[in-house]
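Student: Given the structure of chain A, go ahead and fit chain B with the ligands onto it with the hints provided.
Heads up: the sequence lines are chains A and B, in that order.
Each residue of the first sequence is one higher than the one before, starting from 3 at the first, in the numbering used here.
Each residue of the second sequence is one higher than the one before, starting from 1130 at the first, in the numbering used here.
Read the hints as simulated data drawn from the structure, not as lab findings.
Quick caveat: nothing in here was measured; it's all calculated off a predicted structure.
Careful: at least some of the hints might be erroneous.
[As the list claims (entries may be wrong)] In silico DSBU-like pairs for lysine-lysine, Cα to Cα no more than 30 Å straight-line:
| hint | chain 1 | residue 1 | chain 2 | residue 2 |
| --- | --- | --- | --- | --- |
| 1 | B | Lys1498 | A | Lys99 |
| 2 | A | Lys99 | B | Lys1503 |
| 3 | B | Lys1295 | A | Lys209 |
| 4 | A | Lys209 | B | Lys1536 |
| 5 | A | Lys99 | B | Lys1536 |
| 6 | B | Lys1498 | A | Lys119 |
| 7 | B | Lys1537 | A | Lys123 |
| 8 | A | Lys123 | B | Lys1501 |
| 9 | B | Lys1273 | A | Lys123 |
| 10 | B | Lys1434 | A | Lys209 |
| 11 | A | Lys119 | B | Lys1539 |
| 12 | A | Lys209 | B | Lys1253 |
| 13 | A | Lys209 | B | Lys1498 |
| 14 | B | Lys1501 | A | Lys201 |
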Amino acid sequence: MKCYAGIDAGSTYIKVAVINDSTLMGYKIAPTGIDCRKKSREMFDELLSDLSLSPSDIIAITSTGYGRRLIDISNETVSEIMAHAIGAIWTAPEGSKIRTIIDIGGQDSKVIVIDEKWETKNFIMNDKCAAGTGRFIEVLSRVLEVNVEQIGPFSLQAKTPCQINSTCAVFAESEVISLLARGKDRKDIIAGIHRSLAKRISGMARKASFEPDLLLTGGVALNPGLVAAFEDELMMDIYVARKPQLNGAIGAAIIAGNLRGKS
Amino acid sequence: MMLAELDNNSNLPAGIYYFINIMRDAFVKNQVRRYRQLQGRDNRKIIGTYCITVPEELIYAAGAIPVRLCGGSYEASCIGDELVPRDTCPVVKASVGFTSLNPISLYQMCDAVIVSTTCDAKRKLGEELSNYTEVWMLEVPHIKDTDGSRRQWIQQLYTLKKNIEKLTGRKFIGRRIRRKALEDSIGIINRARYQARRLYEIRKSPAPVILGREAMLAINAYSYDIAFEWTRAMSELNDELEALYHKGQFVCSEYTPRILIAGSPMIFPNWKIPSLIEEMGAVIVTDETCMGNRYLYDPIGTTEKSVKDMMVGIAARYLMPCVCPSFTPNEDRLYRLLQMAEEFNIDGIIYHVLKGCVVYDFELIRVEKIMKEKNIPVLRIETDYNPEDIEQLRTRIEAFIEIINSKKRKMKEA
Ligand code: SF4
Ligand code: SF4
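Extracted from the complex, chain A is given alone in its bound form (with noise of 0.2 Å):
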């Protein structure tokens, strides 16, 4: 059997899909560790033998993300906005057409414009704080000691989401406390967390020139508090990818596999 294996090493999870001609075999997500090579590897083999394949098997690996150049089984690397633009080929879901995708991650967003043959136009990354990204969702939800997972759901139920002004995550975690001290509901606190951080990479897409549709991927885009934000601040609907936070490895795997004209 011929498979194809991406790995996408970023700055909180490594994240490792292998897939055939088709579909996706099987994947794993952890946290990326201090030791992002041994940990990248260890991942690898133990997925292999869940899929009871043999190194052999892998016909070639691509791998993206932050630690993308420690990886040494992997026979190239690509940039993470061509391994989003290229995973979107197979996790966005049927008859969308995908011309845009925000991929929020740990310590970054961006904005990628595609054309129709899934070849980046022009792209955003955020500047180099963690505004706009997972990490602000992660340091708030902490404060308002929140699950991460819960934090959706609960923001869902909001009646009059707060105002969070600062997109600093230092910033805003003072003003959420202040707010919490003035017996502020957290899901209207949570509510108001979604709200900025959809503002802000709205922002981005804006100056980007996006086009509809829309796909979000990345870990956050579980969560339907945020993509309810985002579809009120661009008004308009959005496509969340299958398997989000796989996007890119996916992406890689499909490079390696150089498989982009079989979708």
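Tutor: Just chain B with the ligands now, with coordinates in the frame of chain A:
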């Protein structure tokens, strides 16, 4: 860091080592001996300069040595951070840092420094530096195209000439800069510019014979060298590069994406952007910065050889062709960029914005607009001297190069 990396590359043209050594003397070894030598027995004065609007001809003509002090060091910018407003650009932070603490002796050796009133940051820089050293302000007009500003500019140069004469005066025959001396110094620097232009000419070749990060370093070294010695070394490097070209020894293929760097100055040792671009598989074939092409391109033209005529020639050269964004309007810069994009057969522009550098960021909007018409992609990179964002920059630059590559692939298929 950068110098060690360069040394490890065994494919460097032999001629480049001269320039690497200049940088090493100045920044690593902190070699003052070199400058002591330059000063010679008659203890020639050293005059520091900021910006490219200071006519070095006047300094040479008075028997003094100019050193361009605009700083590119991260360590120095951290020192400066404490002394100037937070949003000041790192060039000015580093310049203040170098002057206040003197981590390298070059700054201490200057008998006076000339600061131009170009952008806002440079304008205030002079006041800060005057706490540590003798500062002469040089008032550069911001609108070139009026009689008033031209008159004012010439007057400024005469004042500068007087200041220089006063500083160096007694040691030389007579106090004044003489006709012959001025003519000679114009010649010396025109020859330096000629060699710099030759280097850029060579870099137009379809497959490059030198990487941009090395060519830029060689040009940047001019700041810390004496003009005629630099010219000799540059002419040898050029001869060598031409020979390489004829032998077909290229540093990369003719399909390598060709990048033009524009924007805020890239000043050694802050070499992170040039290094990243070429590490990620593109080649910098030219630049439009005040540490490169704009610094050493246009020669001075004079017809008669009277002091007055030469002063007018100098004034014209430092004002009219200069497309520093501190001038307004600055349409000329757009023409120059378009022209360069064509002559150097550019695939993309990386537009460098130093944090706090408003003038260059302002002009980006126009640059993006005209390049869109020409279908040349522009990537804006905002950064400072801090190495912390290297990985993020790498992703952006790599993705930009991927876009160019896929565009080139499509064009080849079509
Ligand atoms: S661009 Fe102009 S103002 Fe800025 S550093 Fe260069 S010469 Fe000075
Ligand atoms: S032009 Fe920009 S980089 Fe140069 S001194 Fe002014 S603000 Fe700094």
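Student: Against this structure, judge whether each hint is valid.
Tutor: Outcome of the hint check:
1. B:Lys1498 - A:Lys99: holds (28 Å)
2. A:Lys99 - B:Lys1503: holds (28 Å)
3. B:Lys1295 - A:Lys209: violated (55 Å)
4. A:Lys209 - B:Lys1536: Cα-Cα ~22 Å, so holds.
5. A:Lys99 - B:Lys1536: holds (22 Å)
6. B:Lys1498 - A:Lys119: Given that 30 Å is the threshold and the Cα spacing comes to 25 Å, the pair holds.
7. B:Lys1537 - A:Lys123: Satisfied, since the Cα-Cα distance of roughly 13 Å is no more than 30 Å.
8. A:Lys123 - B:Lys1501: The hint holds at about 12 Å.
9. B:Lys1273 - A:Lys123: violated (39 Å)
10. B:Lys1434 - A:Lys209: Not satisfied, since the Cα-Cα distance of roughly 55 Å exceeds 30 Å.
11. A:Lys119 - B:Lys1539: Holds, at about 11 Å.
12. A:Lys209 - B:Lys1253: Given pair A:Lys209, B:Lys1253 is violated - Cα atoms ~33 Å apart, limit 30 Å.
13. A:Lys209 - B:Lys1498: holds (14 Å)
14. B:Lys1501 - A:Lys201: holds (27 Å)
Of the numbered hints listed earlier, those contradicted by the structure are 3, 9, 10, 12.
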